[in-house]
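Protein chains: 2
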Amino acid sequence: MSTGSTHETTDAELLVTERTRLRRGKDKGRTARADLHAVLADGFVCHLGVVVDGTPMVVPTVYGATGDTLYFHGSVASRSLVSASEGVVCVTVTHVDGIVLARSAFEHSINYRSAMIYGVPRLVVEDDEKLSGLRVLTEQAMRGQWDYVRQPTRKEMAATTLLALPLDEASVKVRMGPPDDGDGPDAGLGLWAGVVPLINERGTPQPDPALPPDVPLPPHLRRLNAP
Amino acid sequence: MSTGSTHETTDAELLVTERTRLRRGKDKGRTARADLHAVLADGFVCHLGVVVDGTPMVVPTVYGATGDTLYFHGSVASRSLVSASEGVVCVTVTHVDGIVLARSAFEHSINYRSAMIYGVPRLVVEDDEKLSGLRVLTEQAMRGQWDYVRQPTRKEMAATTLLALPLDEASVKVRMGPPDDGDGPDAGLGLWAGVVPLINERGTPQPDPALPPDVPLPPHLRRLNAP
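Protein sequence lines correspond, in order, to chains A and B.
227 is the number that the UniProt record's numbering gives the last residue of the first sequence; the numbers go up by one with no jumps.
227 is the number that the UniProt record's numbering gives the last residue of the second sequence; the numbers go up by one with no jumps.
Source of the hints: derived by calculation from the structure; they are not laboratory data.
Please note that a few of the clues may not be correct.
Between beta-carbon pairs, the in silico distance windows are [to be verified]:
#1 Gly144(A) / Val125(B): 50 to 58 Å
#2 Thr153(A) / Asp147(B): 54 to 62 Å
#3 Asp127(A) / Ala34(B): 40 to 48 Å
#4 Gly144(A) / Asn225(B): 35 to 43 Å
#5 Val125(A) / Asp127(B): 52 to 60 Å
#6 Ala158(A) / Ala210(B): 55 to 63 Å
#7 Arg154(B) / Glu18(A): 32 to 40 Å
#8 Gly87(B) / Ala38(A): 30 to 38 Å
#9 Pro219(B) / Gln151(A): 50 to 58 Å
Even glycine gets a Cβ: it sits at the ideal position worked out from N, Cα and C.
Can you make the complete structure from the sequences, with help from the hints?
Structural data, given as structure tokens:
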């Protein structure tokens, strides 16, 4: 656990390393492991950063997080996944919660929660972990779905690359609340200031046009139906 | 325009280079420049990928796009922006539109629109372009806001790094529609399949608690008020 650490940590606290130490916006930093898990639990698409021939490559990728591991997957032919299994990656998960409208252009900001995780992913080769990792990933996108659908065949398993990234080295940043200039000289300008919230919701499930009309929406998807 | 190009292109088509050529999911590729602009116009937060000491770093960053340039900015002290101005970056913009629920775990997918742009950002030093670039950026997040608020001072301008990335080398991928297994053997399983749409909306503006009660919501924000 202490590899690369520059500070004493407990299991409840995230490691602070040269890479994860915040240089700026330190007031936005969160160091509790629970904060990392809260950010990760609230999404299922990350941005995976790898270096290919010296050039950065940032690929949107589906992930699932459980305990001390983040799983992500793709085709065995994927260039980014091949690179990911050969060196350090940076996985970033971002939730954009609002647009912070201040009295000055300079103080405009974004309310967000983001996590950056560094590490060398491990290729998951063992069938049991591969299945449970894929389950975590599918369930994170839509709870109840894994047990409802047809499980992967041996051939499908072989066509899927699953990578496991340890949640050891991560930083979390959160900005929330109103703009910062409410008690500064610009407050006297008489301008409106506040936050425009960004709402992220799941809509009513849209059936595949190829679906026979008598196939019912399964129980785990019914709560998504509009009232 | 033809640096690094491996194919003839027109101005209406995106350059295809070794970096932007799609290896997989070619059916999802879009090569019209208009497709790139549509993806960029629909967001204001990108994921900026840079290489710092050989390691990838992926940072959520506000952007604005206009014509043939994508602008992004940050503090002059930002480690990622310093790195960004020293080499090739990858800027990725992703919109997640839906969760594609298929009959098999393997065929599950995401409906999305994404753009990846490669290039060496140029540091904007000239005041006029810096102001107009910051305007593009602010207006993309909230139209009408730039002319409403206090403009940047000389000191604020100096504290801001603005980078301009040419929209020359980019790839666009789009997946939409139902799952792909509606006409395969799994269609006979009798399972529900379809898409759970993800809805992204701007909510009702929340006033800064420090705001005096007599400051009205300006006209350009009124359309965001809930009916």
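Ala34(B) and Asp127(A) - C-beta distance against the hinted 40 to 48 Å: Cβ of Asp127(A) to Cβ of Ala34(B): about 45 Å, so the range 40 to 48 Å holds.
Verdict for Pro219(B), Gln151(A) (Cβ pair) under range 50 to 58 Å: holds, 56 Å
Supplied distance hint 50 to 58 Å, evaluated on CB atoms of Gly144(A) and Val125(B): With a Cβ separation near 54 Å, Gly144(A) and Val125(B) satisfy 50 to 58 Å, so the hint holds.
Gly144(A) versus Asn225(B) beta-carbon gap, inside 35 to 43 Å or not: holds, 36 Å
C-beta pair Gly87(B), Ala38(A): status relative to the range 30 to 38 Å that was hinted: holds, 34 Å
Outcome of range test on Cβ distance (Ala158(A), Ala210(B); 55 to 63 Å): holds, 59 Å
Consistency of beta-carbon spacing, Glu18(A) to Arg154(B), with hint 32 to 40 Å: holds, 35 Å
Range hint 52 to 60 Å (beta carbons of Val125(A) and Asp127(B)) holds or violated: For Asp127(B) against Val125(A), whose Cβ atoms are near 57 Å apart, the range 52 to 60 Å holds.
C-beta pair Thr153(A), Asp147(B): status relative to the range 54 to 62 Å that was hinted: holds, 59 Å
Of the numbered hints given earlier, the model fails none.
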